[in-house]
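Build the full structure now, drawing on both the sequences and the hints.
Just so you know, the sequences run in chain order A and B.
If you're matching positions, the first sequence starts at 1 in my numbering and goes up one per residue.
If you're matching positions, the second sequence starts at 393 in my numbering and goes up one per residue.
Treat the hints with caution; some may be incorrect.
DSSO-like cross-link-like pairs, simulated, lysine-lysine; straight-line CA separation at most 30 angstroms [unchecked claim]:
#1 B:Lys613 / B:Lys592
#2 A:Lys375 / B:Lys601
#3 B:Lys818 / A:Lys10
#4 B:Lys642 / B:Lys665
#5 B:Lys410 / B:Lys663
#6 A:Lys382 / B:Lys410
#7 B:Lys532 / A:Lys382
These are computed hints drawn from the structure, not numbers from a lab.
Predicted model only: the values in this text are computed from it and were never measured.
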Amino acid sequence: MKAIRKFFDKLNEKTEKGQKFHWLKSTVEAFESFVFVSKNTAKSGAHLRDAIDMKRAMSLVIIALVPCLLFGMFNVGWQHFVSQGQTFAEVGFWTMFLYGFLKVLPLLVVSYVVGLGIEFAFAQVRGHEVNEGYLVTGMLIPLICPPDVPLWQLAVAVAFAVIIGKEIFGGTGMNFLNPALVARAFLFFSYPSQMSGDTVWISDKADAFSGATPLGEMMTGAVAPHNSILDMFLGFIPGCVGETSVVAILLGAALLLITGIASWRIMLSVFVGAAAMGITFNLIGSADNAYMNLPFYCHFLMGGFMFGAVFMATDPVTSSQTDRGKYIYGFLIGLMAVLIRVVNPAYPEGMMLAILLMNVFAPLIDYFVVDGNVKKRMRRWKTVSDRTTSEQ
Amino acid sequence: MLRTIKINKGLDISLFGKANEVICEKKTDLYALKPKDFIGMTPKLLVEEGDKVKAGSPVFGSKEKPEIHFVSPVSGIVKAVMRGEKRAIEAIIIEEDGTNESVDFSAIEDIKEKLLASGCWTFIRQRPYSVIPKTDTTPKCIVIKGFDSSPLAPDYNILLKGEEKAFQKGTEIISKLTEGKVHLNVSSKCPLDFIPSCEKLQVNYFEGKHPCGNVSVQIEKLDPINKGERIWYIDATDIITVGKLFLTGKYVSDKIVALTGGEVKQTGYYKIKRGACIKPLIEENVSTTKHLRFISGNVLTGTKVEADGFMSFYDNQITVISEGDNYEPFGWILPGFKKFSISRTFPYGFLRLICNKPVKVNANLHGGKRAFVFTGEFEKVLPMNIYPMQLIKACIIEDIDQMEQLGIYEIDSEDFALCEVIDPSKTEIQQIIRNGLELMRKEMGE
Chain A
1 MKAIRKFFDK
11 LNEKTEKGQK
21 FHWLKSTVEA
31 FESFVFVSKN
41 TAKSGAHLRD
51 AIDMKRAMSL
61 VIIALVPCLL
71 FGMFNVGWQH
81 FVSQGQTFAE
91 VGFWTMFLYG
101 FLKVLPLLVV
111 SYVVGLGIEF
121 AFAQVRGHEV
131 NEGYLVTGML
141 IPLICPPDVP
151 LWQLAVAVAF
161 AVIIGKEIFG
171 GTGMNFLNPA
181 LVARAFLFFS
191 YPSQMSGDTV
201 WISDKADAFS
211 GATPLGEMMT
221 GAVAPHNSIL
231 DMFLGFIPGC
241 VGETSVVAIL
251 LGAALLLITG
261 IASWRIMLSV
271 FVGAAAMGIT
281 FNLIGSADNA
291 YMNLPFYCHF
301 LMGGFMFGAV
311 FMATDPVTSS
321 QTDRGKYIYG
331 FLIGLMAVLI
341 RVVNPAYPEG
351 MMLAILLMNV
361 FAPLIDYFVV
371 DGNVKKRMRR
381 WKTVSDRTTS
391 EQ
Chain B
393 MLRTIKINKG
403 LDISLFGKAN
413 EVICEKKTDL
423 YALKPKDFIG
433 MTPKLLVEEG
443 DKVKAGSPVF
453 GSKEKPEIHF
463 VSPVSGIVKA
473 VMRGEKRAIE
483 AIIIEEDGTN
493 ESVDFSAIED
503 IKEKLLASGC
513 WTFIRQRPYS
523 VIPKTDTTPK
533 CIVIKGFDSS
543 PLAPDYNILL
553 KGEEKAFQKG
563 TEIISKLTEG
573 KVHLNVSSKC
583 PLDFIPSCEK
593 LQVNYFEGKH
603 PCGNVSVQIE
613 KLDPINKGER
623 IWYIDATDII
633 TVGKLFLTGK
643 YVSDKIVALT
653 GGEVKQTGYY
663 KIKRGACIKP
673 LIEENVSTTK
683 HLRFISGNVL
693 TGTKVEADGF
703 MSFYDNQITV
713 ISEGDNYEPF
723 GWILPGFKKF
733 SISRTFPYGF
743 LRLICNKPVK
753 VNANLHGGKR
763 AFVFTGEFEK
773 VLPMNIYPMQ
783 LIKACIIEDI
793 DQMEQLGIYE
803 IDSEDFALCE
813 VIDPSKTEIQ
823 QIIRNGLELM
833 RKEMGE
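Printed below as a string of structure tokens:
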């Protein structure tokens with residue numbers, strides 16, 4: 001440890017202002033802060049500070065994503081071999097996992113290398129410390145992509161998301177759209193042929209095998225998805241890498257809620273909103289649109305709903321900031337997601353669009369919530385000033 | 393009339409080093425007045441180095457409010473005028489000569505004049521802005537702070553012990569400064585042994601976690617401040633000094649302070665005079681192995697002082713914690729069993745829910761500065777009908793209209809101390825709020 005400390009002390013000397021490597025200061029700082037928590041003490045204000053920092057908070061989100069990542073890797077292999085007509089007993093766990101691992105790892109590497117590269121460059125230019133936000137985004141992006149997404153497309157999407165979705169607004173904490181979903185939306189609208197249909201969800205699928213996701217089947221008029229509810233719950237269905245297993249997502253959700261990193265208000269209200277819309281459709285019913293008759297709880301199990309509710313909607317930067325606003329924001333996400341799924345024939349998945357839409361509206365929701373507080377205060381002032389004038 | 397008010401939100405931080413209930417006496421010769429203790433005040437020096445002063449002699453005045461001046465706590469000689477950046481006066485140091493001479497104020501009849509002449513006017517502060525009030529203004533009510541809820545806060549029953557007569561007299565005098573009520577706010581957990589009686593006095597019992605002892609939180613429940621209104625507040629310990637002034641005609645600067653903190657060997661209460669040097673109190677009484685931080689006041693709002701520094705004007709407490717200015721390998725990911733955190737990402741976050749076990753803390757920031765990311769946390773520790781994050785942001789962008797609408801008149805930077813403590817982005821929130829308040833004050837011409 002002492003040797004590492006000495007090494008960083010030396011680096012710090014060389015990146016001081018006026019020194020040759022000053023242009024690398026943010027980069028050195030970023031790596032140093034991973035090894036050592038800085039020795040800076042409170043200069044003004046309170047003399048004691050909570051031990052939590054952005055690094056710990058963000059790394060907990062990453063830990064919460066690990067079950068999804070691991071299961072996703074396995075499921076990529078599982079779907080591939082099953083589509084080839086092979087069974088689990090024939091192939092074995094490790095072969096399946098290894099196949100998925102080798103598929104997903106490049107996605108992760110591309111996402112982190114491109115995204116962090118841009119982040120470091122921006123931090124350096126601004127003279128800021130490198131923010132930890134991208135560590136989470138960089139993990140989320142591969143998890144919401146189909147396993148066979150071409151790496152160059154992923155790289156372009158990541159660059160777009162980080163630059164246009166975040167950095168031009170001032171970096172982490174200043175963006176109003178969830179960067180991971182910006183990347184996903186960019187892929188979805190720029191390369192639709194690689195991003196939808198029946199063939200993209202299973203890596204190297206055998207042609208004869210139907211690769212439709214439950215969502216895809218429902219959109220094309222099926223009465224119910226051919227996957228069983230148990231399969232959908234456990235995650236043995238085709239889909240984006242990390243979104244299929246409700247169990248894995250629930251594990252992550254549990255960690256986020258126990259540690260208090262994610263807002264339970266948002267998570268809860270997303271489900272309430274979706275259930276409300278789903279039940280309404282169930283009650284209305286329809287002879288033409290079988291989707292309306294799909295039991296409402298199936299929406300929780302299909303597509304990216306669960307993943308979005310737990311990891312995307314709860315992004316504190318792009319969601320509503322007020323407690324009351326969080327309920328409204330979450331409720332409308334759930335409601336819109338189901339509405340888009342069922343009524344809109346163009347997009348099979350409503351979650352991404354619902355969250356992005358509500359990201360845009362979140363500041364407006366907050367505005368009205370805070371305005372309520374302001375109005376109350378103004379009323380109090382007015383009654384007081386009325387009273388004093390009448391007394392005079 | 394007796395009423396109990398319950399404050400639901402907030403946070404009690406339980407630290408090592410609560411003051412033992414013993415009263416010790418320590419002798420010090422050096423005293424100081426620090427102009428920085430008074431918000432928005434530019435000092436105008438009235439003495440020179442080497443001048444002889446009595447207890448109650450004016451030392452400096454205020455350029456903005458010439459009728460107000462600040463007096464020497466003891467009789468002695470002006471030893472030094474310490475200056476800092478741009479020659480701003482940091483401290484005026486007075487060496488006691490042991491003659492115990494005091495200026496006699498008993499001839500002055502008018503209450504306001506007597507308070508002003510004796511320097512006791514400076515005990516009163518005004519909300520909004522926490523400045524010493526102008527003499528031509530009147531408050532809608534006056535709040536007497538009868539307890540402190542901050543970490544390791546002293547017990548007011550010990551601070552006020554044996555001063556019943558002065559407390560009674562002081563309260564009577566103060567109540568003459570307002571047409572409205574005088575609120576004496578005390579803790580329902582350990583109420584004051586002696587409650588003065590006075591016609592305008594209303595005693596309010598507060599129950600809850602810190603910051604239930606803060607004036608802003610209390611006044612919001614009692615009689616919220618509207619635009620253009622003023623309330624005054626004064627600490628119960630300062631009421632004693634006011635009472636003594638009217639009983640004896642002299643400025644008696646004696647007070648009791650608590651010496652607290654995890655790095656103090658023998659904590660306790662000390663009889664000193666206002667502005668005393670802390671050196672004799674901590675000498676051979678603190679741990680010697682660590683780099684220490686000495687705080688006049690509590691860990692949330694106190695001022696950092698040197699080991700031979702001086703008590704700040706309004707403080708009743710000295711806290712000593714370790715500085716913590718060392719690197720910590722992988723501190724952000726290790727379990728951190730001994731660390732203080734209210735977030736449940738550390739074991740203490742759970743532990744404190746079960747038993748509020750005391751912790752040892754240091755002044756380390758535990759991380760780098762970041763933009764605001766997490767939301768909904770500040771609301772948990774600010775028991776007021778105010779949106780903290782929005783108000784902080786309004787202060788950062790210096791939007792006066794928004795600051796006003798979001799309730800800047802009702803708060804002080806001390807109310808945001810807990811927000812600052814729990815903020816994972818390590819923002820200097822109290823400074824931001826103070827800057828916002830100062831901007832507002834200049835704008836309103838106070």
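Okay, the hints, checked on the actual structure:
no.	hint	result
1	B:Lys613 / B:Lys592	holds (18 angstroms)
2	A:Lys375 / B:Lys601	holds (28 angstroms)
3	B:Lys818 / A:Lys10	holds (27 angstroms)
4	B:Lys642 / B:Lys665	holds (14 angstroms)
5	B:Lys410 / B:Lys663	holds (17 angstroms)
6	A:Lys382 / B:Lys410	violated (46 angstroms)
7	B:Lys532 / A:Lys382	holds (17 angstroms)
Violated hint for the displayed structure: number 6, the only one.
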